[in-house]
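Asks: Residue-level listing of the chains:
Protein chains: 2
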Amino acid sequence: MEKQAVFGDNLEILRDHVGDETVIYLDNNATTALLPEVHGAIQEALLIGPSNPSSAHQAGDAARHVLSIAREAVAELIGASTEHIFFTSSGTEANNWVLHALTRKRPSKVVITPIEHESIRQKAGFLKAEGVTVHEIPVDDNGLVLLDAADKLVTPDTSLVSIQWVNNETGTIQPISDIAAICRSRGVLFHTDAAQAVGKLQIAVTDIPIDYMTFSGHKFHAPKGIGVTYRRPGTPLSPMLGGGTQESGLRPGTENLLGIAGIGKAAALRRCRMPNICTRLAHLRDRFENAILARCQGVVVNSGNAGRVCNTSNLRFPGVDGQAFMARLNNRGIYCSQSSACTSQIPEPSHVLLAMGLTAEQAFESIRFSFSEQNVPEEVDEAVQVITGTYSELKGLMVARSPA
Amino acid sequence: MEKQAVFGDNLEILRDHVGDETVIYLDNNATTALLPEVHGAIQEALLIGPSNPSSAHQAGDAARHVLSIAREAVAELIGASTEHIFFTSSGTEANNWVLHALTRKRPSKVVITPIEHESIRQKAGFLKAEGVTVHEIPVDDNGLVLLDAADKLVTPDTSLVSIQWVNNETGTIQPISDIAAICRSRGVLFHTDAAQAVGKLQIAVTDIPIDYMTFSGHKFHAPKGIGVTYRRPGTPLSPMLGGGTQESGLRPGTENLLGIAGIGKAAALRRCRMPNICTRLAHLRDRFENAILARCQGVVVNSGNAGRVCNTSNLRFPGVDGQAFMARLNNRGIYCSQSSACTSQIPEPSHVLLAMGLTAEQAFESIRFSFSEQNVPEEVDEAVQVITGTYSELKGLMVARSPA
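Protein sequence lines, in the order shown, are assigned to chains A and B. For the first sequence, the numbering used here assigns the number 19 to the initial residue and increments by one for each residue that follows. For the second sequence, the numbering used here assigns the number 19 to the initial residue and increments by one for each residue that follows.
Possibly wrong hints are sitting among the right ones.
Repeated chains share a single entry, so a pair holds when one copy, or any two copies, can fit it.
[Unchecked claim] Cut-off 27 Å, straight-line C-alpha distance, at most; resulting in silico cross-link-like pairs (DSSO-like, lysine-lysine): (1) 146 - 127; (2) 123 - 413; (3) 413 - 127; (4) 146 - 123; (5) 413 - 170; (6) 413 - 146; (7) 123 - 170; (8) 146 - 170; (9) 170 - 127.
FYI, nobody ran anything at the bench for these hints, they're computed from the structure.
So that you can see chain A by itself, here it is in the shape it has in the complex (with noise of 0.2 Å):
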C-alpha cells in the first residue's frame, strides 16, 4: 500500500501520534496536504529575499513576479481573467469581504441558505445584528435549494444571495446555474461559496451569472492562509480593510508571497489535471460508499439522492454515538469527522444536516469522509475494513449495554 502517497515526508510525524501503521487522511474537506510541487514552489518562494511588492524599487520585482504568475494560475483555473481575482487570508475572509461590501448601505437585504458555511452564517448573524435583513431558503432533505422557494425570497430590493456551491459536510452540489438566473432575471447580485467546488468541478465562472466567488487554496493543496475573492467586470466591491494599495486597493495589507506561491502552483497543476482528478475521486469514494453500504447494514448516505461533488461521502451509522465511533476511528488511524473543522470543536449536531430534516441523533450518528488525489484504493480497501470492523464493535457494545 501506499502510505507514502498521503502524508509524504511526515508520515512518521502522524505515526508518532497514531501509534501504530494504519494511517488513513480521509478528511481532505478540512485541508490538504500540500503537493510536492507546491512544496518546491514555496520553496522557491522562500528564497526571494526582502521584496515588498509593494515597494517601488527592482527588489519588489521578485514578488510581484510570483504574485503575477500565481494570479494567472488562479484565474485559469476557474476560467477568469486576472484582473477580477483577489488573494485574501482565507476562504472565510473572502466571504466575509463580500457580504460585508455588499450590505453597507441601509436597508439591506441578504439571501442565504441554512446549510452554508461558519463564515456566511455568522456573518449573516453579525449583519442582522446591524439591521440588515437575512432570509434562508430551505433545502430539500438531500440538501438542495429549493428553487420555488427561492423564486419567492429573492426580490429585486435583495442586496445579495450568497449560496454555497458545494456543501463542504455532504458534497450536495447546488444548482447554482439556476439560483443564479434567478438573481440575474431580478437584477440581483449573487455570491456563491465555492470553497469545495474549485479544483473538484470543471468551472467556467463567466459561463454563469455568477458575480462573485470566494474560495480557499487548503482544500486542493495549496497552504493554509490563502484565500481568493473573483469579482465579475463591472460589479461593485470596496475594500473591507483600510490600508494600503495591494490587490488593486481593494484588499489592503502585505501580501503572503508563500500561500499566493503556493496557491497558484496548486491552481495550475489542478487545471492540468482535470477532469481526470474528479473521475479518479469519484471512483474512490464510490468503491468505498458500496462496500460499506455492502457489509454495514443500515448505513444511509446523507444527500445521497444529490448530486454530489466527487470526493465527500457522509454516512450515517444508525444506532452508535458517531463522536465515540469517529474517536475510535482516529485512535485507528482513520482520520475523519463530523461537521466542518472550523466548528469540530463545539460538540453540537450538523446544522447542515438538521436543515435537511435529520434529528439531532441522526446527525451525531453521521460521519465524514473526504478523498483527495493522494488516497489510493489500497487505503479505501484498508478503510473499509477497520470501519467495518469498529462499526460491529460498537454495535455489539449497544446490543450488550441495553436491557436484556
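With chain A's structure known, arrange chain B on it following the hints.
Replies: Same frame as chain A, but now just chain B:
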C-alpha cells in the same frame, strides 16, 4: 564585504534586476528578508502534512503544536501571556480589527494622529463615513504627539485612542507611556500600532497601560502575511470576521501555519538577540547619518531632534528631486524609499512629513533608509559613497539647468 548576509541565496536574483555588483538593501521598514533559521522553521512546517489545527483528530496535533510554540515565542517577545495573542493576516488587518471592534456602538469617538499608517488612516476614514467622530492629535516638527492636545482631545466619551508607537517613515518614538496614562486616567481604551516598535524596542506590554497592541512579522524577518493583535486581559474584543472557532473564536479562518511558524521563530530569535541588535543597528544608523551629514552640505535629518528607533534614518536632501534621486540610487543597487511601501505606488508627498510641517517640496526631497540586523558596516560605507556621489551629480544637473 558580506553581501551574502543581506540577500542570502537570493543575491543572484536581485543582481539580475540590478545589473551590477552593488546591492545594498536599506528598506527594512518596508520588509525584511527571512533569517535562515526562520526559513528552517517554515521548512519544518512544510512537512507537517494534512493537519488542520481545528480538526478534532490527531492529524491536527502537529499544526496545533506549531501554533502553540509560535504563540509562546510571540508572547514572550512583548512580555505578554499566550492567551492574549491573536494571529491575523497582517498588521493592516490587526489595526482594522481593533478599530472595528471598538467602534460598534454609536455614538463612537476615535482619537488618532495625522501620522498613522495608512491602515489606521483609511479605516478611520471608513468609520467617519459611518458616523464615528474622528479626532487627530497634532504632532510637532519632530513628529511627536503634542501631549497638551492629547490631554484635551481624549475625553471620557472617547471609544478608543490609536497611536503608532514608532513612526514607519521617520522612526520617531512616541511617548507611549504618557499617552497611555492619559487614556487610563479617563477610562479610555488605548491601542498602539507597534509594527515598527516590536523587535526594535524592549517591550514589556503589561508594564504600560496598553489595551491593544498590533504588529506584523515581516518587519523582523518573519514572512509577509502574518500579523498579531495583543489584547490586555479583561478588555473587550469582538471578532471582525464571522466564522469558525479559531483563535479563541475571535479571529476565524484556517490558520496560516507557515506564516505562524515563521513569526514564532523570528520572535524567539529576536528576543534572544535583544538588546544587542538595537545597539548594533543604532551604530549602523549613526555611522550612516554622520557620514552623510559630513559630506553632503545642507542635508537635514527629519525628526532628528526626537527620540528615534534604532534603525531608521529619514533624510532631506535640499535642492534635488527626491524621486529622481531615489530612482538613481535604486538603479545603483541602493534600495531605499519615500514614505511607506503601502503607499509608495502613489506619487504623493508623505502625509507624515506634511503633518510635521514640511512643505510638499521638502517632503519630496526626503528619503527613508532603514537598516536591519543583516546589514554590515561595509555596506553603510558603500551606500554613503553612492549616495553622496549621486547627490553631487544631481545638484550639478540642477545648477546646469538653472537659468544663467
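Asks: Could you place residue 413 and residue 170 in one of the four classes (within, between, both, neither) given a Cα distance threshold of 27 Å?
Replies: Classified as neither: same-chain Cα gap 45 Å, cross-chain 72 Å, threshold 27 Å.
Asks: With identical chains treated as interchangeable, where does the CA-CA distance between residue 413 and residue 127 reach 27 Å or less: within a copy, between copies, both, or neither?
Replies: For residue 413 and residue 127, the Cα distance exceeds 27 Å both inside one copy (48 Å) and across copies (61 Å).
Asks: If the cutoff is 27 Å on CA atoms, where do residue 146 and residue 123 land: within, between, both or neither? Let me know, please.
Replies: Close inside one copy (13 Å) and across copies (15 Å); limit 27 Å.
Asks: Give the relationship of residue 413 and residue 146 under a CA distance limit of 27 Å: within one copy only, between copies only, both, or neither.
Replies: Answer is neither: 44 Å inside a copy and 62 Å across each miss the 27 Å cutoff.
Asks: Reference check for the pair residue 170 and residue 127, CA-CA at most 27 Å: within, between, both, or neither?
Replies: within (14 Å within a copy, 42 Å between copies)
Asks: Since the copies are identical, ignore which copy is meant and state whether residue 123 and residue 170 lie within 27 Å (CA to CA) inside a copy, between copies, both or neither.
Replies: within (23 Å within a copy, 34 Å between copies)
Asks: State whether the alpha carbon distance between residue 146 and residue 170 is at most 27 Å within one copy, between copies, both, or neither.
Replies: Answer is within; shortest intra-copy Cα gap is 20 Å, inter-copy 37 Å.
Asks: 27 Å Cα cut-off: does residue 123 pair with residue 413 within a copy, between copies, both or neither?
Replies: Neither. Shortest intra-copy (55 Å) and inter-copy (53 Å) distances fail the 27 Å Cα cut-off.
Asks: Have a look at residue 146 and residue 127 and pick one of within, between, both or neither, based on CA distance no larger than 27 Å.
Replies: Classified as both; 9 Å inside a copy, 24 Å across copies.
Of the numbered hints listed earlier, those contradicted by the structure are 2, 3, 5, 6.
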